[in-house]
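Peer 1: One letter stands for each residue in the lines below.
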Amino acid sequence: METATTAGMLFQEDKRIMREQTSIVDLLRSLSDLSVERAYDPYRTFEWPESLPDNCLWMSRDLLSIDGTHYMDELSEEELCRLSRWELVNFFSFNVHGIRELMQQVLACIHNTGYEITSEYFHHFLDEENKHMWFFAEFCKRYGGKIYFTQKVQFPTFAEEDIQSFLAFAKILISEQISDFYNVRMMNDDTLPPLVRKINRVHHEDESRHLAMGRRVVASMREELAKKYQPEMLQKIGDYLRRYTEFFVQSFYNPGTYRDAGFSEPYEIRRVLLQHPSRKTFHARALGKTSRFFESQGLFAGEISNVCN
Amino acid sequence: MSAINESDLDLTTIAKLRDWVLSTKQQTIEIGLETDLIKEGALDSLEMVNFLLFIEEIRGQEIPEALIQPEFFTSLRVIHDTFFRP
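Taken in sequence, the protein lines are chains A and B. Numbered per the working numbering, the first sequence finishes at 437, counting up by one with no gaps. Numbered per the working numbering, the second sequence finishes at 451, counting up by one with no gaps.
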C-alpha cells in the first residue's frame, strides 16, 4: 500500500496534469486516465478498528459548528469531543445522501445525446462516487450506529429541462467544493483519529478530479444557457444557486446532532449559530472557492457569508 | 388519513405555519387553508428543510423519515392533519 507521502506526491502530479489540459475533451481524457491509474479497492484500503477513541476530537476543532461562539467556552473537553463525533457523522451522512442524489443525476444523462464527450468519464465518476458513499456510510454505521436521514423534500423549481440539468451539475459542484474544504482541513489535522484523516484524504484526492470536471462542465453548460435565455433568467438561476449554497451550509447545523450531543435546545442553538457573526466569517472562508467560481460565471454577485434565510 | 372537522383545527398552529411561510416571501401572497403551497410557489424545495424543522419544533417531536415527502406538505390543512392531529 502506498504511503501518505507517496500518495501526496502522486496527487501533486495529478493536479499538474489537470491544470495543463486546455480543452474539455483533453481534460476528460486525462481525468479518465488518472482514474484508472489511481483506482483502489475501498474494501481493502481502510482498516476499521473495533472502536475509535472517545477522548479526542473526530472533527477538527475549527470546523465545529460552534467554533468562535460562546458555546465553545461553555463546553467541557468531553462535551466537545462528543459533539465532534456527531458532527462528523452528520457530515458523512449528508455526503452519503448527496452522493446518492448526484449519482442519480449522472445516471439519468450518462448516455443521452449531448453528453457524448463526458460519458466515458462519467463511468469513472460513478465508480468513485459509489466507493465514497460506501466508506462514508460504513463509518456512520460502525461508529455512529446510524446514518442521519436526509430532511430534503425534493421537487423541481424550474420547469425547463436544460435548466434542471444545469442546476443538477452546479449543485454537485457546490456540494463537492464545500465538502472539499472540510476534507482538506481534516486530512491534515493530526489530532484526529488516523481513519478519519485517511477517509478525508482519499475523498479529497478523488474529488480533485471531479471538481476539475465539474467546473468545466458547469461553465460549458452556462454558456449554452446564456445563448438561449434572457439575462433575467440567468439572474434567477444565479439567485437559486446562491440560495442552494446557503441551504447546503445549513446542513452542518443539524438539530439532530445537537440533540445527540446532549444539548437541550437543539433548534434554538441552530438559530443562534446561523446568526452568529463568527460563523459568518467562517462561512465566507469555507465558501471562498465556490463564491469566486460562480462569480466568474456571472451567477453570484459578491461573497456569501450569511446563510440564514 | 381522513380530513378532520373544522372545529378540530388548531388555529394557533395554522397561524404559526402561515406566518412562517409568509416570512420567507418578499411580496405579499394569499395563503388559505387549502392553498397548494408547492404549486403556488409559496414554498420551494430549498425552504422545506427549515420549514420542516420549524414544524418539528412547534410539535415538539421529530418528523419521521417516512413523512418527509412532498405530498405531506401541500397545504396548511394537509400539514395540520399530518403533523398536528391530536
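Certain hints may be false.
Stated by the list, open to error - A few chain A residues that face chain B, going by a derived Cβ cut-off under 7 Å, partial list only:
(1) 282
(2) 283
(3) 285
(4) 357
FYI, nobody ran anything at the bench for these hints, they're computed from the structure. Beta carbons: idealized from backbone N, C-alpha and C, even for Gly.
Peer 1: What hints, given by number in increasing order, does this structure fail?
Peer 2: 4
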